Amino acid sequence: MAKANTHQAKTQFGYRRHPDQDRPGQSAAEHPVVVVGAGPVGLSLAIDLAQRGQHVVLLDDADRIGEGSRAICFSKRSLEYWDRLGVGDRMVDKGVVWSVGRIFHGEQQLYQFNLLPEDGHKRPAFINLQQYYAEAYLVDRIGDLPEINLRWRNKVTALERRNDSVALTIETPEGAYRLHAQYVVACDGARSSLRQMVGADFAGQVFEDQFLIADVKMTAEFPTERWFWFDPPFHAGRSALLHRQPDDVWRIDLQLNRYADPIVEKKPENVRPRIARMLGHDKFEFEWISLYKFQCRRMDRFVHGRVIFAGDSAHQVSPFGARGANSGLEDAENLSWKLDRVLRGASPASLLESYHVERSLAADENIRESTRSTDFMAPNSHQEARLRKAVLSLAKETEFGKRMVNGGRLSVPCSYDSPLSSPDADAWRGGPLPGCSMLDAPVTTPKGEQAYLTDAFRKGGTDFTLLSFSNGAAIEAPVGVKDIRIGGKDGLADPAALTAKRYDAEPGSAYLLRPDGYVAARFRRPTREAIATALSRSQGLN
Amino acid sequence: MPLSTSSNFARPDDAFRAIVEAHRGFTDEQSADFDAALVLILANHIGDIDVLREAILLARRRMIDGQQQQQQQQQ
Numbered sequence: 077m078a079k080a081n082t083h084q085a086k087t088q089f090g091y092r093r094h095p096d097q098d099r100p101g102q103s104a105a106e107h108p109v110v111v112v113g114a115g116p117v118g119l120s121l122a123i124d125l126a127q128r129g130q131h132v133v134l135l136d137d138a139d140r141i142g143e144g145s146r147a148i149c150f151s152k153r154s155l156e157y158w159d160r161l162g163v164g165d166r167m168v169d170k171g172v173v174w175s176v177g178r179i180f181h182g183e184q185q186l187y188q189f190n191l192l193p194e195d196g197h198k199r200p201a202f203i204n205l206q207q208y209y210a211e212a213y214l215v216d217r218i219g220d221l222p223e224i225n226l227r228w229r230n231k232v233t234a235l236e237r238r239n240d241s242v243a244l245t246i247e248t249p250e251g252a253y254r255l256h257a258q259y260v261v262a263c264d265g266a267r268s269s270l271r272q273m274v275g276a277d278f279a280g281q282v283f284e285d286q287f288l289i290a291d292v293k294m295t296a297e298f299p300t301e302r303w304f305w306f307d308p309p310f311h312a313g314r315s316a317l318l319h320r321q322p323d324d325v326w327r328i329d330l331q332l333n334r335y336a337d338p339i340v341e342k343k344p345e346n347v348r349p350r351i352a353r354m355l356g357h358d359k360f361e362f363e364w365i366s367l368y369k370f371q372c373r374r375m376d377r378f379v380h381g382r383v384i385f386a387g388d389s390a391h392q393v394s395p396f397g398a399r400g401a402n403s404g405l406e407d408a409e410n411l412s413w414k415l416d417r418v419l420r421g422a423s424p425a426s427l428l429e430s431y432h433v434e435r436s437l438a439a440d441e442n443i444r445e446s447t448r449s450t451d452f453m454a455p456n457s458h459q460e461a462r463l464r465k466a467v468l469s470l471a472k473e474t475e476f477g478k479r480m481v482n483g484g485r486l487s488v489p490c491s492y493d494s495p496l497s498s499p500d501a502d503a504w505r506g507g508p509l510p511g512c513s514m515l516d517a518p519v520t521t522p523k524g525e526q527a528y529l530t531d532a533f534r535k536g537g538t539d540f541t542l543l544s545f546s547n548g549a550a551i552e553a554p555v556g557v558k559d560i561r562i563g564g565k566d567g568l569a570d571p572a573a574l575t576a577k578r579y580d581a582e583p584g585s586a587y588l589l590r591p592d593g594y595v596a597a598r599f600r601r602p603t604r605e606a607i608a609t610a611l612s613r614s615q616g617l618n
Numbered sequence: 439m440p441l442s443t444s445s446n447f448a449r450p451d452d453a454f455r456a457i458v459e460a461h462r463g464f465t466d467e468q469s470a471d472f473d474a475a476l477v478l479i480l481a482n483h484i485g486d487i488d489v490l491r492e493a494i495l496l497a498r499r500r501m502i503d504g505q506q507q508q509q510q511q512q513q
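Note that the protein sequences, when read in sequence, are chains A and B.
The first sequence begins at 77 in the working numbering and counts up one residue at a time.
The second sequence begins at 439 in the working numbering and counts up one residue at a time.
Simulated from the structure, these hints should not be mistaken for laboratory data.
Keep in mind the model is a prediction, meaning the values are calculated, not measured.
Honestly, I wouldn't trust all of these hints.
Said to hold, decoys possible - With a straight-line Cα cutoff of 16 angstroms, these simulated EDC-like cross-link-like pairs (lysine to aspartate or glutamate) come out:
hint	chain 1	residue 1	chain 2	residue 2
1	A	293	A	329
2	A	465	B	471
3	A	535	A	165
4	A	465	B	473
5	A	369	A	285
6	A	465	B	467
Using the sequences provided together with the hints, build the complete structure.
Dropping the structure here:
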C-alpha cells in the first residue's frame with residue numbers, strides 16, 4: 077500500500093545515461109569495485125569505500141527508495157558507524173531515542189530492561205527510524221562524494237567470473253551494457269539475484285508462524301519504549317509488540333497462526349479491528365501493512381572469489397532483536413577497510429577471507445539468537461509450550477525466570493574469534509578483548525571541549541589507531557598508525573576516569589584498534605616490536 | 439565440577455517421596471506442567487551449564503534404554 081507523504085527527504089530518483097553505456101561491446105569500462113543494491117548496507121559500504129579514496133559504482137535496479145518502514149531499530153554500533161560516514165547526527169536528530177523495554181504477560185508487567193544503563197556514551201542504545209529515512213540520508217551523503225557513481229534502474233542480469241575480474245551485464249531502460257570490476261559486492265537483499273548467479277545456496281530454517289506488521293499513524297501517550305506482550309488480553313494466546321517511530325508512527329507487530337490466509341489478513345478492514353482492540357480506539361491511519369514468515373538462513377561462504385556478499389543477501393534472520401539491518405551495517409564496516417587495503421595492494425587478497433570468517437561467525441550468532449527468540453514466541457511442540465508457560469509463570473516471582481523470558485535479544489556487536497586478533501599476553505581484569513568492538517567513553521580535548529572516544533577515533537581518520545594511556549614515556553605508533561593519547565601533555569583528558577575504567581587501563585597500557593573500531597591487540601607494556609607484529613597480523617600480512 | 443551421581447541426600451527416600459507426593463492429585467497434564475517448572479527451578483539452582491548438559495545426557499540415556507527394551511520386546 078502507498079505510504080503517507082510524511083517525510084521531506086527525496087525518495088525518487090531518475091535514471092541517467094552514463095558514458096560507460098556508450099562503449100563498444102568488446103571494451104567494457106573497468107572499475108575497481110561495483111556495489112550492487114542501494115539499501116542501507118550498499119549505501120553505507122559505498123560511502124565508507126569512497127571516504128577511503130576508492131571509486132565506487134553503485135547499482136540499483138529500482139529508481140526509488142523502498143516503501144514501508146521495514147527496518148526501524150538502529151543500534152548504537154550502527155550509529156557510531158554512521159557517525160564515521162557523516163550521517164550520524166542526521167539519523168539521531170530525526171530518530172526516536174530509546175533504551176528501555178518492557179515485557180508483559182497478559183495484563184501484568186513481568187519486567188523492564190535498560191539496554192544502556194550507564195552514562196558517558198555519545199550514542200544511545202537504539203534509535204527507531206523508518207528505513208526510508210535512513211536510506212534517503214545516505215543517498216544525500218553520497219551527493220557529497222564524487223567518488224561514488226550511483227546508477228538507478230541499473231539491473232545486473234548476468235555475471236561472469238574471470239580470474240582477474242568480474243564481468244557484469246547490466247540492463248537499463250535504454251538497453252544493456254557491460255562493466256568489468258575487480259570486485260563486486262552484492263548487497264542486493266534476501267532475494268539476491270547475484271547469489272543465484274554465482275550458484276550459491278541459501279540454507280536454513282523457515283518458521284511457519286506468520287506475523288502481521290502494521291505501522292499506524294496516531295497521537296498517543298505511550299512512552300518511547302519497546303513493549304512486548306505474551307498472551308495479551310487484546311490478542312489472546314499470541315504475542316504483540318508496540319514501538320514508536322518518528323512522525324507519530326507506531327510499529328505494531330502481531331503474531332498470527334500458521335494457517336492464517338495472508339491475503340485476507342492483510343486487508344486493512346481486517347487489520348483495523350485487531351489494532352483497535354489493542355489500542356482501545358480506532359483513531360489511527362495505516363502507514364504500511366505487511367504479513368510475513370521468518371526465515372533464518374545464511375550462505376555457506378560470504379566470499380566467492382571476487383564476488384562478496386553483505387547484508388541480507390548473505391544472511392537472513394527473524395526481525396525480533398533488530399539483527400537484520402544492524403548486522404548488515406556491521407558487514408559493511410568490516411568489509412570496507414579490508415577491500416580498500418586489497419585494492420590498494422596494501423594487503424593480500426587473503427585478507428578478505430577474514431571478512432568471511434568474522435562475519436559468518438556473527439551471522440551464526442545472530443541466527444542462533446533470533447531463532448531462540450522465535451522459538452520462544454512460537455513454541456514448536458506441546459512440551460516447548462509447557463516449558464515456556466513455566467518460565468512465564470516463574471518470571472512473576474523470580475529473577476531467574478525473568479531472565480529466561482525471551483521477547484527478543486537486541487543486537488550488540490559480535491566478538492570475533494579471528495585470525496586477525498593477537499591474543500592477550502598480559503593479565504587484564506576487564507576492558508574489550510582482542511576481537512571485540514571498542515567502547516565509547518567521555519573525554520576532554522586539550523582545548524577543554526567535551527568529546528567522546530568515538531569522536532577521536534573518527535577524527536583520526538578511522539584507520540589503524542593506537543589508543544594509549546600516558547605514563548610519561550611516549551609510545552611511538554608504527555608508521556601509518558593513528559594515535560589517540562589519554563592523559564599527558566597534549567593528550568585527551570579522562571576527567572571521569574571512565575576511559576581508563578572501561579579499558580581496564582593503567583598508565584602505559586595501549587590498545588591497537590582496527591579501522592572498523594575493533595580491538596586487534598592490547599598491551600600492558602607495549603613495545604614497538606609487539607605493536608608492529610600485531611599490526612601486520614591484523615592487516616593479514618603474516 | 440562434574441555432575442555428582444553419588445548419593446547426596448542423607449535420607450534419599452525422603453527426597454523421592456517429596457517429589458512423588460508433590461504430584462499427588464495431578465492429572466498427567468498437570469504433572470507435566472509441574473515437572474517443567476521444577477526442572478527449570480533446579481536447573482537454575484545448579485547454575486552450571488556443563489553440569490546441566492551432563493544431567494541431560496544421563497537422563498537421555500534412559501530414553502535410549504527404554505526404546506531398546508521396547509524394540510527387543512517387539513522382536
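Quick rundown of the hints versus the structure:
no. : hint          : result
1   : 293/A / 329/A : 14 angstroms, holds
2   : 465/A / 471/B : 8 angstroms, holds
3   : 535/A / 165/A : 15 angstroms, holds
4   : 465/A / 473/B : 12 angstroms, holds
5   : 369/A / 285/A : 6 angstroms, holds
6   : 465/A / 467/B : 13 angstroms, holds
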